[in-house]
Every structure is written in structure tokens, then in C-alpha cells.
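Trainee: Keeping their order, the protein sequence lines are chains A and B. The C-terminal residue of the first sequence carries number 387 in my numbering, and the numbering is unbroken. The C-terminal residue of the second sequence carries number 387 in my numbering, and the numbering is unbroken.
Hints listed in this document are in silico derivations from the structure and should not be mistaken for laboratory results. Nothing here was measured: the structure is a model prediction, and the numbers come from that model. The beta carbon of each residue, even a glycine, is placed where N, CA and C say it ideally should be. Fair warning: there could be bad hints in the mix.
[What the hints assert, rightly or not] Which bits of chain B does chain A cover? Going by a derived footprint, with three or more residues having C-beta under 8 Å, they are:
(1) 93-103
(2) 170-178
(3) 247-255
[To be verified] Not the full set, but computed from the structure, chain A residues with beta-carbon under 8 Å of chain B:
(4) Leu72
(5) Ala95
(6) Ser98
(7) Gly131
(8) Leu199
(9) Ser246
(10) Pro271
(11) Arg309
(12) Glu311
(13) Asp376
In case you want the letters, here they are:
There are 2 protein chains.
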Amino acid sequence: MRDNACIVGIGESAYTRDAESPASVLSNQLRAATNAIADAGLETSRIDCLIPSQYGPSTEELAANLGIASLRFATTVHMGGAAAVTSVQTAAMAVTSGYADYALVVTGWNGYSATRTRNVLASNTSVIPGGDIARDYYMPYGLTVPAQWYALIARRHMHEFGTTAEQLGAIALAMRRHAQLNGRAVMRERAMTIEDYLASPVIAHPYRLFDCCLETDGAAAVVVTSAERAHDLAQPPVRVLGAASAHPYPADDITNRRDIFETGLTRAAPRAFAMADIDPADVDFAQIYDCFTFEVLQQIEEAGFCARGEGGAFVEGGRIELGGDLPVNTHGGLLSEAHVLGMNHVVEAVRQLRGGCGERQVPDAEVGVVTGWGDFGDGSIAVLGR
Amino acid sequence: MRDNACIVGIGESAYTRDAESPASVLSNQLRAATNAIADAGLETSRIDCLIPSQYGPSTEELAANLGIASLRFATTVHMGGAAAVTSVQTAAMAVTSGYADYALVVTGWNGYSATRTRNVLASNTSVIPGGDIARDYYMPYGLTVPAQWYALIARRHMHEFGTTAEQLGAIALAMRRHAQLNGRAVMRERAMTIEDYLASPVIAHPYRLFDCCLETDGAAAVVVTSAERAHDLAQPPVRVLGAASAHPYPADDITNRRDIFETGLTRAAPRAFAMADIDPADVDFAQIYDCFTFEVLQQIEEAGFCARGEGGAFVEGGRIELGGDLPVNTHGGLLSEAHVLGMNHVVEAVRQLRGGCGERQVPDAEVGVVTGWGDFGDGSIAVLGR
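Construct the entire structure; sequences and hints are all you get.
Mentor: Take a look at the structure:
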């Protein structure tokens with residue numbers, strides 16, 4: 002599989018928070034998809050594989066609306082926020098296996114105008130990934146939304162390793178600063194200071210408002226093909242050097258893990274780096290799924306960018322900002338660009354590796370990492386190279 | 002990909018129609034899964050890939066309840082009744098790509114005690130695959146369930162090719178006769194004559210009651226691994242010689258296709274046979290997704306077992322019964338064994354190729370075909386060999 006698939010097209014819809022006249026999820030996904038296909042320089046009819054999101058229109062609706070005449074393979078990854086990267090991995094698998102030539106991966110939702118997470122989970126507990134465990138052991142204690150589930154892990158990290166609110170704030174600030182350089186970012190004109198961060202209301206201790214990602218409408222998409230086909234297309238291909246996914250154990254219950262800090266990434270990252278034949282130290286930037294600030298810190302540790310317990314120090318002092326040792330979420334991430342389920346992280350990684358990020362470009366970016374996090378810590382990672 | 006993956010374990014729950022005290026979907030899926038893993042002679046901890054059904058427990062619930070400690074890849078195929086075979090294809094892709102070693106594929110639902118199709122579709126139109134098309138153009142005409150959608154195609158076939166009610170009845174009778182030889186079949190003690198068939202009430206012309214598959218509770222599962230690993234296991238491996246999937250165009254609207262008889266199988270079958278390097282004439286038996294009788298006839302034609310329009314003659318005179326030219330659904334199929342979304346067809350194909358079907362064994366079975374059909378004609382096919 003190694004180095005045999007490439008991302009050859011990227012596309013996005015606008016990222017919006019407009020409750021009055023939002024575009025539909027289908028419309029946004031089609032916009033992102035057609036932009037990605039056009040970016041690759043492909044005719045839509047060449048797409049023969051679709052990896053649609055679990056949140057959004059069906060394979061059949063997407064295929065018909067795009068005008069895909071011959072669809073050969075389609076599957077959907079159910080891993081919440083980890084799904085975007087695993088979907089890219091699945092697309093890579095399909096094109097390198099010969100089951101498809103050109104795969105379109107699209108995610109997106111109306112997370113602001115329709116699917117507000119807090120409302121959905123509170124009214125329909127069956128969508129909580131832990132199923133019966135969540136119903137019987139979380140709900141009676143009022144643990145109904147992700148901010149509450151993951152706060153438990155963050156709190157434990159503070160207890161064990163002395164991680165501070167200011168360190169979590171450094172993550173929020175880095176994302177916000179990057180967003181000031183990104184015209185697509187929802188928070189592009191909303192600068193933030195550490196005082197602003199510390200003054201924001203507590204949502205679920207230790208998470209303040211500004212530890213929590215945005216709720217936005219929008220969609221993003223990529224086109225994946227084989228290395229051989231990639232060379233005939235419009236853009237310089239970005240190579241999938243390595244990819245892996247994993248689920249922590251037990252997958253359905255974050256309160257009952259022997260190792261509360263384990264995520265899917267703990268096992269997936271070594272596999273992806275081995276497949277890519279590089280070390281974390283070789284990585285020029287990382288787009289890390291940032292549903293909350295602490296998850297960035299946790300994934301930095303679990304991916305091996307630093308040892309466990311050292312994440313707090315790692316994120317301080319601008320080290321994860323542009324110009325630092327490991328620029329993280331150069332687009333602003335879920336925290337300050339948009340929450341479209343992580344595919345915007347993949348799009349930004351490709352843009353960086355093409356050298357097309359303007360004033361937020363990481364100089365001479367050769368290798369970047371994208372991660373996904375979802376459903377109680379399912380993890381995914383792709384190592385991309387130019 | 003060719004000849005590189007094997008099915009090494011099969012398992013089923015009981016197939017039941019018990020509204021009083023049914024087992025849960027999770028319980029049935031776990032039963033089928035543990036049976037398949039035990040059949041392969043594997044420890045559950047070796048499973049590192051799950052392909053769960055869109056209908057049923059989440060990846061996380063299945064993994065935790067099975068005790069899968071290290072899950073590396075999971076995805077879900079959304080193709081209704083075509084999903085079981087495409088899920089096997091996906092599992093083959095995962096193990097041959099090196100992303101997983103042992104993949105568990107499981108489907109099942111409580112189609113009798115809980116999820117009666119007619120009720121679900123009537124109360125929740127969002128699950129109809131055509132989405133907005135179905136809502137705007139099918140619902141106003143009362144086309145709310147599969148029997149109505151597919152009857153349109155069957156009726157057209159009768160008009161164009163003179164296909165008769167007796168020919169559809171021959172399909173129902175073949176499945177029912179096979180079920181008499183299968184202790185697991187729900188209809189094992191319910192023999193049927195052509196007079197019974199013709200006397201059964203019309204549901205949606207030309208479909209009578211006995212043209213429609215059963216509604217049952219139950220689950221079935223298989224374990225897939227690479228050819229190399231397969232040789233160390235308990236059972237003789239059954240090889241995946243070829244596999245393919247496809248969606249007709251447009252995928253979301255059966256009333257608006259230039260070729261109303263086209264299914265996913267029309268394009269998938271030639272690919273699967275080419276991959277397996279065999280002709281339809283080389284096939285010893287076929288397990289064909291039989292949501293309704295006509296779909297068996299249609300798939301026999303579209304897979305290339307006979308020319309279009311000749312299916313009516315092909316199914317007559319016992320040719321698709323045991324002892325005939327192409328025994329079809331030797332277990333009784335959805336029509337007379339059970340409807341667990343098609344995975345029981347895969348299980349039966351494996352059992353035939355192992356030579357373990359007792360009095361319903363196809364003598365010297367070397368090569369068998371399994372098909373899937375779902376969501377307005379999405380199609381899938383696997384060519385299996387011993």
C-alpha cells in the first residue's frame with residue numbers, strides 16, 4: 002500500500018453560521034465535491050468510487066446529483082470525527098486494490114443551522130457511540146455531550162501531569178491566530194487574547210467556551226487516485242505515505258479504560274509512521290482534530306510528538322504556531338476555521354504540501370500529518386508528502 | 002486482488018419469527034460472530050477489522066462486546082441488501098491491503114419482531130434510498146415499500162418479454178423446495194405447490210404474497226483473511242476469486258432509467274467474472290439475493306447466466322433447483338430460509354464449497370456465485386471457489 006495513492010483534488014463549500022438561509026447539506030457537499038473534482042482537472046464522469054459521510058446525503062443521492070454514471074465502490078466510515086481521515090485511507094485502499102480509479106471523499110453537515118450537537122444528542126441518545134453503556138451509565142449522570150465525556154480525560158491529565166488552563170489556552174490561541182491568516186475561517190476577524198480565553202465561561206470543567214470547537218455549516222472533499230493516474234492530472238499530487246486507524250479498548254466506554262489516555266491514535270500512529278518510513282521528528286506540520294483543546298495536546302502525545310505528560314510544555318511558547326517547531330492546524334482547525342468533521346484538515350494539509358497557503362504557508366513543507374478523533378477516542382492518521 | 006482473500010469462518014444465529022420474546026439484534030449478531038470466529042478456529046482477540054451492517058449495533062458496541070482489543074479498520078457499506086457481498090469485498094480489500102489481518106463481517110436485524118420494513122418506511126421516509134426523489138415523486142403516488150418499487154420493473158419485463166406468473170412461481174417453488182432440506186429454514190415444514198402460489202393474495206401486481214421474501218429475526222457472519230493466513234486455520238479456505246459492486250444510473254430513481262432492467266449487477270458481474278477468470282457457464286451454483294422472485298430472474302439475466310428476456314424460460318422446469326443446470330439459493334434464500342440481509346447467502350455458498358450441505362449438497366461444487374441487491378438496484382457479486 003505504501004506510497005501508492007495520492008490526493009489530487011481538494012474542494013470546500015463556504016463555511017458559515019447562518020441560521021436564516023443556510024444552504025442544504027446536499028448543496029454544500031455537492032459544492033465541495035465539484036470543486037475538488039474541478040481542482041483535479043477531472044470530468045465528474047471519471048469518479049467511480051464514493052466515500053460519503055455518515056452525516057449527510059446517501060451514496061445514491063450524491064451519485065445521481067453529481068452525474069456519476071458508473072459507480073463501482075462505496076462505503077461509509079462510522080467513526081465520528083475520525084472518519085474523514087479513515088475515509089481517505091479507505092479511498093486509498095480502493096484505488097490501490099484496483100476496485101476503483103478515482104475516489105471522491107466528502108464530509109459536511111449543517112452543524113450550525115440544523116444539527117447542533119447538543120440538541121441531537123440530548124433528544125436521540127441512540128446516536129451516542131457507546132450505545133447501551135452510554136444510556137445506562139452516562140445518561141443518568143447527565144453526561145450527554147462530547148464536552149462532558151472528554152472533560153473527564155482532560156481533568157485527569159491535569160491531575161496527573163499538572164497540565165494548566167493556560168496551556169489549554171495556548172492551543173486555543175494558536176488556532177485563533179492561524180485563523181487570522183485564513184480568509185475562509187469563521188473566526189478570521191475575531192482575535193483572542195489569553196485574558197479573553199480565561200474569561201470565557203466554563204462549559205464542563207476544565208473546558209471553557211473557547212476550548213470547544215465551532216458549530217458550523219459546510220462541507221469539504223478530496224479526490225484520491227493511484228500514483229500512476231495522479232501524474233496526468235492538473236495538480237501536483239500529494240502522496241499518502243502512510244495511513245492507519247484504530248479504536249481504543251473498550252471502544253464503547255471512556256470511563257472504563259485501564260489507560261484513560263489511550264486513543265485510537267496510540268496504536269495507529271506508530272503504524273502510519275512505520276508505513277511512511279519516517280519519525281514524528283520529520284514532520285513539518287500537523288493538522289490535528291481539535292474538537293476541544295485538550296484533544297490536541299493528547300494527540301500530540303499519543304502520536305509520539307512528545308512523551309505522555311509533556312504535552313502541556315510542548316504547546317506553550319508558540320511551538321505549535323506558525324514559525325514554531327510543529328505548526329498545528331495552520332487553517333485554524335475546528336476551533337477557529339470551521340467544524341466540518343475534519344475534512345478541512347485534510348484539505349489544508351494538501352494545500353500546505355502544494356505550497357499554496359500564502360501568508361500562513363509552512364516554508365518548504367515536505368511532510369505533514371492529519372489526524373482524526375471521534376466516538377470516544379477512535380483515532381486515525383494519515384502521513385502525507387509532496 | 003485476485004484470489005488473495007479467503008472466507009475462513011461462517012456463523013449464524015437461529016432464524017426466528019417470535020414477536021413475544023425475541024433475542025436482541027446485538028445478541029443475534031454476537032452469536033453469529035462468535036460462531037464464525039469459532040468456526041475459523043480463531044481467538045476473538047485476533048480479529049482486527051469489523052465491517053458492521055448499517056442496520057444494527059455500532060462498531061464500538063460490537064468490538065467491546067466481542068472483546069476485540071485491537072481494532073484497526075472498520076467501515077460500513079450502505080447498499081441495503083447489496084451490502085453483505087460488498088462488505089465481503091471490502092473485507093477482502095482490507096486484508097489484502099495489509100490494513101488488517103482478520104476481518105469479521107456481520108449483518109442481521111430483527112426484521113420480524115422490530116424492524117418490519119413496511120412500518121419503518123411508512124413512518125420514516127428518510128430511510129428510502131432515493132431521498133428527495135422518493136419523497137417528492139414516489140410518496141405522493143403511494144410507492145412506499147420495496148414490493149411497490151420493484152413491481153414496476155417486473156411488470157415491464159412481463160410486458161416486453163412475456164414473462165409469466167407461473168415462471169415467477171417456479172422461483173418461489175424452487176426456494177421453498179430447497180428449504181425443505183434445510184433444518185435452519187423458517188419455511189422448512191411448509192411445502193408449497195404452484196396452486197398455493199397462484200392462490201396467494203396480490204401484494205403489488207405482479208407480486209403475490211409468495212413472491213415476497215420473509216421477514217425474520219437473525220444474523221449471519223463470516224471471517225475473511227489473506228490466503229497465506231487462511232492455511233493455518235480450522236476450515237478449508239474458500240477463496241474469493243472475484244468480487245465487484247456497482248450502482249445503476251441514476252442510482253436514486255428506478256422510474257427514470259433509460260434501461261429499466263439495468264442493475265448494479267449489469268456492470269459488476271462482468272468485472273467479477275473477469276477477475277475470477279471464469280465464465281458464467283463455469284458456475285456450479287448461485288446464491289442470488291431474492292427480495293422478490295422477479296429479482297432472481299433479473300439477476301440471472303444481468304449476471305449473464307442467460308440473455309435478457311430469456312430468464313423466464315431459464316427458471317422453469319427445475320433448472321434452478323438442486324439437480325438442475327444452475328441450483329439457485331440451495332438454502333431457501335430470503336424467500337424460504339430467512340431474511341438477514343443476504344449474509345446467509347454467503348454462508349450457504351461457503352458451506353456448499355466445503356461440501357457440508359448434506360442432502361442439499363451440490364455434487365462436486367467447485368465455483369459458486371453470491372449476489373446482492375439493494376437500494377433501487379445497487380448490485381454486488383462475489384465469485385467464490387474451493
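Trainee: Would you pick out the hints that fail for this structure and give their numbers low to high?
Mentor: 2, 8, 10, 11, 12
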